[in-house]
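Asker: Please arrange chain B on chain A, whose structure you already have, making use of the hints.
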Amino acid sequence: MADHHEFESPVDLASGEPLGHPLRWTTAIIAITSLFLLATNAISLREWIDEQTPGPRQAQLAALAERWDAFTLSIGLGLPRAVLHREWKAAEAARFGHQPADQR
Amino acid sequence: MLFPTLTFGLFFLCVYVLVWTVGSRDNEWRKILLLIASWIFYGAWDWRFVALLIGSALINWSLARAIASSGSTDDEHERDEDAPSGEKTQAYRRKMLVALGVAANLLILGFFKYYDFFLGEVAPLLTDVGFGRDLPLLQVVLPVGISFFTFQGMSYMIDVYRGRVRPASLLDITLLMSFFPHLVAGPIVRAAHLVPQFQKVPKLDRGMAAMALLLIIWGLFKKAVIASELATQFVDPVFFDPSAYGSGDLIFAAYGYAVQIYCDFSAYSDMAIGLAALLGYRFPRNFDQPYRAVSLQDFWRRWHISLSSWLRDYLYIGLGGNRGGILYICRNLMITMLLGGIWHGAKWTFLIWGGLHGLVLSLERIWREVKPWRWSLPRPIGLLITFHIVVLGWIFFRADSFDGALDYLSGIARWTGKATMITPLGLGLVLIGLAMHLGPPRLMPALAIRLRRVPAPVVGLLAGVAILLIDAMRFEGVAPFIYYQF
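Just so you know, the protein sequences line up as chains A and B, in that order.
Residue numbers for the first sequence, in the numbering used here: 1 to 104.
Residue numbers for the second sequence, in the numbering used here: 1 to 486.
Extracted from the complex, chain A is given alone in its bound form (with noise of 0.2 Å):
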């Protein structure tokens, strides 16, 4: 009885030599994107907030992530992605030369 039948997924890659600390390594680049995010995204944080059950507790997490957004965007941090999402809003407003811009 084989227990193990062979199967191909896509995580499957070519083998190499290994290459040290995969954990390690792994963990590292989960932790900087987070960071990353937090600094630069902070407004999906703050909206996320805003969504969960009101009560004291996401009061206060929503002021701080309040906080947090407005000083990302003070020093520049949030700038891109709002400049990001602004270009994003254009795109989606763009029509053909022949349609007016109300059509649909």
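There may be inaccurate statements among the hints.
Calculated lysine to aspartate or glutamate pairs in the EDC-like style (CA-CA distance at most 16 Å, straight line) [what the hints assert, rightly or not]:
id	chain 1	residue 1	chain 2	residue 2
1	A	K89	B	E476
2	B	K347	B	E121
3	B	K203	A	D12
4	B	K203	B	E476
5	B	K200	B	D26
6	B	K347	B	D116
I should point out that these hints are in silico values taken from the structure, not numbers from a laboratory.
Answerer: Only chain B this time, still in chain A's reference frame:
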């Protein structure tokens, strides 16, 4: 709890840390942690469904054990006239047990998915023949992902019966069916794929982690940007009221839905595979550039591979598969595809979708058998024809009703040419969705091979920039994945 949300992101961070710290000391504890996490994930929809999940796992685990303890794992004794009567009895007992298990699984699935539909269809028939009654419609709430975990449990039990896998522990089987990355929308991961991985301490290597991160980010882009934008801005409004739009819009929305459903469903699979890989587990491939297919048979080797291979192994082959004459093969194809259609839900439109695929698969089969000429269709022509048959099927699949699908098709046939919905962004997204099928098939693994050598801070920043870009483009809010309803 939807994958592309901050709630899930925080949940996954906690699971990742716990599994690789507390769980790393003992594999059994790791599995218990994963099981609890999976129940929390599933319970976020409705805690009652967790009880159903546990109950389903218990049924399949106990029946598989009973089957395994009933002697030989093949049917030799049953077929062998000279076999001792005790062994014949055991073989009969095993057959009865597996039949009971299949019936129990189908009953659970049937009750939740088809009970109200069945009564709704039967009521007018009873009235027509003079037996009109108020039938007890229950407004049954469909547990998310029930089709997926039921198929997984059922295939485990059948595999034990066929002698393909050994019976596993209750913990392994419950985790197999509950494991949160695949729980609600697949891929359908079989016991033979996952249980042996559960029985060993999982290992992570840099290549696996790099590929996992790429899959998660790519999945986020496909779901949060392409699928959500196309759904909310173009596809949903047109399918809601096809009569309000011209043929140009209807055709565009049909192509849009083909891209949306691919980006939606393959995104879930990509993220599921990536999340499982970050926890050290491998899942099978579920999509392989499906709109690149040059025949419908080819399409089903590329689309929802875990379901098509499940239907092939447990239904099509069970019906006789490719044995017998061409008529038997076509019958088996039709039955398989009709049941595959109804697996998606209790709607006539799904049945017609399955029927269309079954019919075309049968025609392809007949063509191969009796081909009067030696030539085959040039590949680009085959690709175009296959794609448009698939798109035609998607119109039935997406339409709210059979009449809605017919309205949609008659709107296209009227050919007014009017197209007010197409915007530069919408057109761009549809083209990107189609272009994904023309790229090199193994582009992402090649990228991951390079990425695994890059220092973690650089990869972390790159991943952060990619997610920031996606978040800036995403549509406000995240719609549930299409396949959650199945």
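Asker: Do the alpha carbons of K89 (chain A) and E476 (chain B) lie within 16 Å of each other, as the hint requires?
Answerer: 11 Å, holds
Asker: Are the Cα atoms of K347 (chain B) and E121 (chain B) separated by 16 Å or less?
Answerer: Satisfied, since the Cα-Cα distance of roughly 10 Å is no more than 16 Å.
Asker: Under the criterion that the straight-line Cα-Cα distance not exceed 16 Å, is the pair K203 (chain B), E476 (chain B) satisfied?
Answerer: Answer violated: K203 (chain B) to E476 (chain B) is near 37 Å, above 16 Å.
Asker: Is the Cα-Cα distance between K347 (chain B) and D116 (chain B) 16 Å or less?
Answerer: 11 Å, holds
Asker: For the pair supplied as a hint, K200 (chain B) and D26 (chain B), confirm whether the alpha-carbon distance does not exceed 16 Å.
Answerer: Between K200 (chain B) and D26 (chain B) the Cα gap is close to 10 Å, so the pair holds against 16 Å.
Asker: Are K203 (chain B) and D12 (chain A) close enough, with their CA atoms no more than 16 Å apart?
Answerer: Measuring from Cα to Cα gives roughly 13 Å; hence the hint holds.
Of the hints listed earlier, the one the structure fails to meet is number 4.
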